[in-house]
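Chemist: Given the structure of chain Y, go ahead and fit chain E onto it with the hints provided.
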Amino acid sequence: MNLIPQILFAIVLAGGVGYFAMNIKKLIRNIKLGKQIDRNDQPSERWKHMTRIALGQQKMVVRPIAGLLHIIVYVGFIIINIEVLEIVIDGLFGTHRIFAFMGGLYDVLIGSFEILAFLVLVSVILFWTRRNVIRLQRFIKPEMKGWPKNDANIILYFEVVLMMLFLTMNGADLQLQQLGADHYVQAGAFPVSQYLLPLFEGLSESTLIIIERAAWWLHIIGILIFLNYLYFSKHLHILLAFPNTWYANLNPKGQFNNLESVTKEVQLMMDPNADPFAAPEAGDDEGEPEKFGASDVLDLNRVQLLNAYTCTECGRCTSECPANQTGKKLSPRKIMMDTRDRLEEVGKNIDANKGEFKEDGKQLLDDYISREELWACTSCNACVEACPVSIDPLSIIMDMRRYLVMEQSAAPAELNNMMSNIENNGAPWPFNQMDRLNWKDE
Amino acid sequence: MSEAIKVPTMAEMMAAGKSPEVLFWVGCAGSFDDRAKKITKAFVRILNKAGVEFAVLGAEESCTGDPAKRAGNEFLFQMQAMTNIEVMNAYEIKKVVTACPHCFNTLKNEYPSLGGDYEVVHHTQFLKSLLEDGRLTIEGGKFKGKRITFHDPCYLGRANNVYEAPRDLIKKLDAELVEMKNCRKKGLCCGAGGAQMFKEPEKGNKDVNIERTEQALETKPDIVAAGCPFCNTMLTDGVKGKEKEDEIEVLDVAELIANAQDL
Chain Y
1 MNLIPQILFA IVLAGGVGYF AMNIKKLIRN IKLGKQIDRN DQPSERWKHM TRIALGQQKM
61 VVRPIAGLLH IIVYVGFIII NIEVLEIVID GLFGTHRIFA FMGGLYDVLI GSFEILAFLV
121 LVSVILFWTR RNVIRLQRFI KPEMKGWPKN DANIILYFEV VLMMLFLTMN GADLQLQQLG
181 ADHYVQAGAF PVSQYLLPLF EGLSESTLII IERAAWWLHI IGILIFLNYL YFSKHLHILL
241 AFPNTWYANL NPKGQFNNLE SVTKEVQLMM DPNADPFAAP EAGDDEGEPE KFGASDVLDL
301 NRVQLLNAYT CTECGRCTSE CPANQTGKKL SPRKIMMDTR DRLEEVGKNI DANKGEFKED
361 GKQLLDDYIS REELWACTSC NACVEACPVS IDPLSIIMDM RRYLVMEQSA APAELNNMMS
421 NIENNGAPWP FNQMDRLNWK DE
Chain E
1 MSEAIKVPTM AEMMAAGKSP EVLFWVGCAG SFDDRAKKIT KAFVRILNKA GVEFAVLGAE
61 ESCTGDPAKR AGNEFLFQMQ AMTNIEVMNA YEIKKVVTAC PHCFNTLKNE YPSLGGDYEV
121 VHHTQFLKSL LEDGRLTIEG GKFKGKRITF HDPCYLGRAN NVYEAPRDLI KKLDAELVEM
181 KNCRKKGLCC GAGGAQMFKE PEKGNKDVNI ERTEQALETK PDIVAAGCPF CNTMLTDGVK
241 GKEKEDEIEV LDVAELIANA QDL
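Residue numbers (the working numbering), protein chains in the order written: chain Y, 1 to 442; chain E, 1 to 263.
Isolated chain Y, as found in the complex (with noise of 0.2 angstroms):
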């Protein structure tokens, strides 16, 4: 018995699969460079949640066309791993379809996947179309210019290219079946690959094993690569919907979070009796003081960080965007792409310096974000209530707002003339507070 073919399935299976989890390694190392932030309350509710959002993709249906296909390529893609698990099996075992044995069962299941993976060949071809030659205008937005433009059609012809070995391998297999070849057992219904059979018409048995076990190889081959592919991918998404998901926010839309640091300093500064020239007690070792706000990825949270993983870059969020629709810098999708970048750039810093952040003269905030992007935003949340995936691209727009009021006193002048509107007199505007009420005696 030749067990060479098994072993170098076993090696390959292991390369694939020992490279990506240390891929995954990396990205949950990276993730938890933000602040911790308690988003495992309500447990219950974020099951419900995930289910609803991830699992059941109620929000990709808000756009019919884009979420019928896509709900189309993402069933395909969790049906056909139950194919991926036969091949495994045999790949390890050198056996041939271990699950025919199921008989009328894997009649249907052959079945089935050969349509969808017909189905996701067409839905893909029209995501390609979309993007190409429609060129819809979110997809050709400033920030999709180079690599995410490559990044979205690699992952299309990853597919393609995936289920045609997937067909031509049965297709292959139905003939050798049909010519009585050894260890082709007579299983499997091809609904589509059986179309294939004219191709095939006069080859002799080797050459047709030859184009079987040459789609087989590459098949799974291609799947491995493509699972190492996702993490340098916007395709991510596939596995991070489901925890970026869990963890999003629950509250009312409009609620930003109160800071506690800054709670802590206003009631001190609020108390009569606190002392505002006493000494720290012995012991009492803050060290430095809070940072207010973010100017770099670190001082985001972990679920910020994981959003921006997460990010697909459908840009559904940013054709919502009242600021973007009228011709302004901001896009929230660019907000999450910027994240991830500058949080991938920090990662390769510390793998470079020995699992040490070196200081590298850069940040989130003006190497990668402008202020104009940030002071663009009217705080609407459409882009909030646009992702198919929960993500919040507002509360990062904040938090920079934020570092650059309270460390850099740095908004524009005519905030600052409302602020200090609201400081000196109560309201925005320059009236006397006193004055509150004249409305009711006009």
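Honestly, the hints are just simulated from the structure, not real lab data.
Please note that the accuracy of each hint is not assured.
No farther apart than 25 angstroms at their CA atoms in a straight line, the calculated lysine-lysine pairs in the BS3-like style are these [as the list claims (entries may be wrong)]:
#: 1; chain 1: E; residue 1: Lys37; chain 2: Y; residue 2: Lys329
#: 2; chain 1: Y; residue 1: Lys440; chain 2: E; residue 2: Lys172
#: 3; chain 1: E; residue 1: Lys199; chain 2: Y; residue 2: Lys329
Not close to chain E: a few residues of chain Y, all C-beta gaps over 12 angstroms, as computed [what the hints assert, rightly or not]:
#: 4; residue: Ile7
#: 5; residue: Ile28
#: 6; residue: Phe99
#: 7; residue: Gly103
#: 8; residue: Leu179
#: 9; residue: Gln255
#: 10; residue: Lys358
#: 11; residue: Leu437
Keep in mind that this is a model prediction, so the values were computed, not measured.
Note that the Cβ used here is the ideal one computed from N, Cα and C, for glycine as well.
Modeler: Below, chain E without anything else, positioned relative to chain Y:
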């Protein structure tokens, strides 16, 4: 504008040993902005008519801190919040109604963790409850058959999921409620939120309020209804910019109801 409006303050109420059913949080726009003051008065006239025992804080009210918080000034926000909370807690306030979605959102969502826990409702929700309790009747009056489109304020709609109360009130006017292409969850911002009201917009090719006004005009409305003093200003400016101010009125839901009954 038949009789003078009655607007008791909390201080007066307390001096008389009474506690009101609800505190009317007027807000800065409602107190000082000429256009918004009309909304405030319209709402008060309805409250008077319905016999609601309410009070205002008057000179003891101060900005909720919303625009400071959205601009990024958490310090100023929390100072405003704690000052207001001290005042409201001293008066043992239980329920607050406000005609400004920004005040509404801040009081309802951001005050509790700072010690200010009240039942907070938007004036459209409050008016709807008055209607349901039979304390208020709404007649179509001069709005009968008029085409009215409602602009969802972000801080009422998306931010707090209140979509139906204002619409239910408009429907009671026997008016024809027409929806813009972006409504409810997908409602487009008027351009004022996030402290934009107080600054010039960033460079772009259009102002947000013009975009929204165009969406409103597409519905061929007689009236654009709003539920927020800032949206009201932005849309009024937008309608003027389109030179349609002679044909189309921008009115708050409270004004619609008050005007319908000639209050």
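Chemist: Are the hints correct? Go through all of them and say.
Modeler: Structure-based check of each hint:
Distance check on the hinted pair: lysine 37 of chain E and lysine 329 of chain Y sit about 35 angstroms apart at the alpha-carbon level, beyond 25 angstroms; violated. Between lysine 440 of chain Y and lysine 172 of chain E, the direct Cα distance comes to roughly 28 angstroms. Violation of the 25 angstroms bound is thereby established for this hinted pair. The suggested pairing of lysine 199 of chain E with lysine 329 of chain Y holds, with an alpha-carbon distance near 16 angstroms, which does not exceed 25 angstroms. No Cβ of chain E comes within 12 angstroms of the Cβ of isoleucine 7 of chain Y; the nearest lies about 56 angstroms off, and the non-interface call holds.
The beta carbon of isoleucine 28 of chain Y is kept farther than 12 angstroms from every beta carbon of chain E, the shortest such distance being approximately 30 angstroms. Chain E leaves phenylalanine 99 of chain Y outside its interface by the beta-carbon criterion, the shortest separation being 45 angstroms against a cut-off of 12 angstroms. Every Cβ of chain E is farther than 12 angstroms from the Cβ of glycine 103 of chain Y; the closest lies at roughly 49 angstroms, confirming the non-interface assignment. Every C-beta of chain E lies more than 12 angstroms from that of leucine 179 of chain Y, the closest at about 58 angstroms, which supports listing it as non-interface.
Not every beta carbon of chain E lies more than 12 angstroms from that of glutamine 255 of chain Y, the smallest distance being close to 4 angstroms; the non-interface claim is violated. Remark: the non-interface label on lysine 358 of chain Y is consistent with the geometry, its nearest Cβ contact in chain E lying 29 angstroms away (cut-off 12 angstroms). For leucine 437 of chain Y, the non-interface assignment is contradicted: its Cβ lies about 4 angstroms from the closest Cβ of chain E, within the 12 angstroms cut-off.
When each numbered hint is compared with the structure, violations occur for hints 1, 2, 9, 11.
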